[in-house]
Structures are given as C-alpha cells and as structure tokens.
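Asks: Could you build all of it, start to finish, from the sequences and the hints given here?
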Amino acid sequence: MNVSTSINYVLWVAAGGAVGALVHYLAVTVAGPRIGAGRVALLLNSCACMLLGIVVASGRSGHGYAFFAVGVLGSVAPFTALAGQALDRTRPRSRRRTILLAMWTALAGVSMAIVGYILADLGSIAFEKVPGSLR
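For the sequence shown, our numbering begins at 2 and goes up steadily by one.
Derived by calculation from the structure, the hints in this document are not laboratory data.
Predicted, not measured: the structure shown is a model, and the values here were computed from it.
Using N, Cα and C, we set each Cβ at its ideal position, and we do this for glycine too.
Not one of these hints is a red herring.
Label pairs and their in silico Cβ distance ranges: (1) 63 / 34: 36 to 42 Å; (2) 40 / 130: 36 to 42 Å; (3) 33 / 97: 25 to 31 Å; (4) 23 / 59: 23 to 29 Å; (5) 31 / 127: 33 to 39 Å; (6) 111 / 30: 26 to 32 Å; (7) 9 / 109: 29 to 35 Å; (8) 100 / 61: 32 to 38 Å; (9) 127 / 95: 43 to 49 Å; (10) 15 / 127: 34 to 40 Å; (11) 116 / 32: 19 to 25 Å; (12) 36 / 129: 36 to 42 Å.
Replies: Okay, here's the thing in structure tokens:
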C-alpha cells in the first residue's frame with residue numbers, strides 16, 4: 002500500500018467515524034432518556050457487531066469497507082461507552098457485577114458478529130440456489 006492509498010483510507014475512515022459518532026450521539030440523546038443510555042449503547046453495539054459480521058462475510062474491501070465497517074460501525078459501537086457507563090454505576094463492593102457485565106458485553110458482541118457472518122453466508126448460498134431467470 003503506497004502513501005496516497007493509505008491517506009485515502011484514513012480520510013474515508015475519518016468521514017465514516019464522523020457519521021458513526023453522530024448516529025451514536027443522536028441515538029443516545031433521543032432514546033437514552035426513555036429506555037436508558039446503557040441499553041441504547043448495548044443495542045447499538047449488538048447491531049453494529051452483526052452488521053460487521055455481514056460486511057466481513059461479504060469479503061469487501063476498499064474505500065467502502067474503510068468508510069462503513071471501520072469508520073461508521075467502529076464509532077457507532079464504542080465499547081468504551083458501555084465500559085464507562087458500567088464503571089459510573091458500580092460501587093466499590095460490586096466489582097463482580099462490573100466484571101460480569103464486561104464479559105457479557107464482549108460475548109454478545111462476538112456472538113452478534115458470528116450471527117451476521119452466518120446470515121451473510123446463508124444469504125449467498127440462497128442466492129446461488131435461485132434459478133437464473135429469477136435473478
């Protein structure tokens with residue numbers, strides 16, 4: 002990868018990061034007061050992980066991957082937001098609960114990425130089985 006290509010990737014990731022951060026901020030400020038900011042962040046993380054699994058399974062690369070998968074999904078689903086909210090809520094005697102929350106969050110993210118990958122794989126298999134006249 003030459004320097005001009007890497008600079009283009011950085012710009013695409015930065016643009017995607019700006020869009021994703023805006024989506025995250027709007028979701029937390031609009032839905033957060035009604036259902037809780039922690040739940041909104043967990044929902045955003047789960048959906049972003051599933052979409053990331055779909056994108057990875059599709060095998061795409063290039064500027065679209067840099068913009069959407071790295072930039073948008075990376076900033077829509079900041080696991081640091083969940084960690085910050087977990088640490089804000091915990092009392093010194095509830096470290097066990099904080100550790101369990103962190104473990105369940107990581108497990109949910111990985112699980113949703115696997116689900117997205119499987120869904121994309123099943124979709125491509127189903128598309129291959131469709132007769133040529135229907136495509």
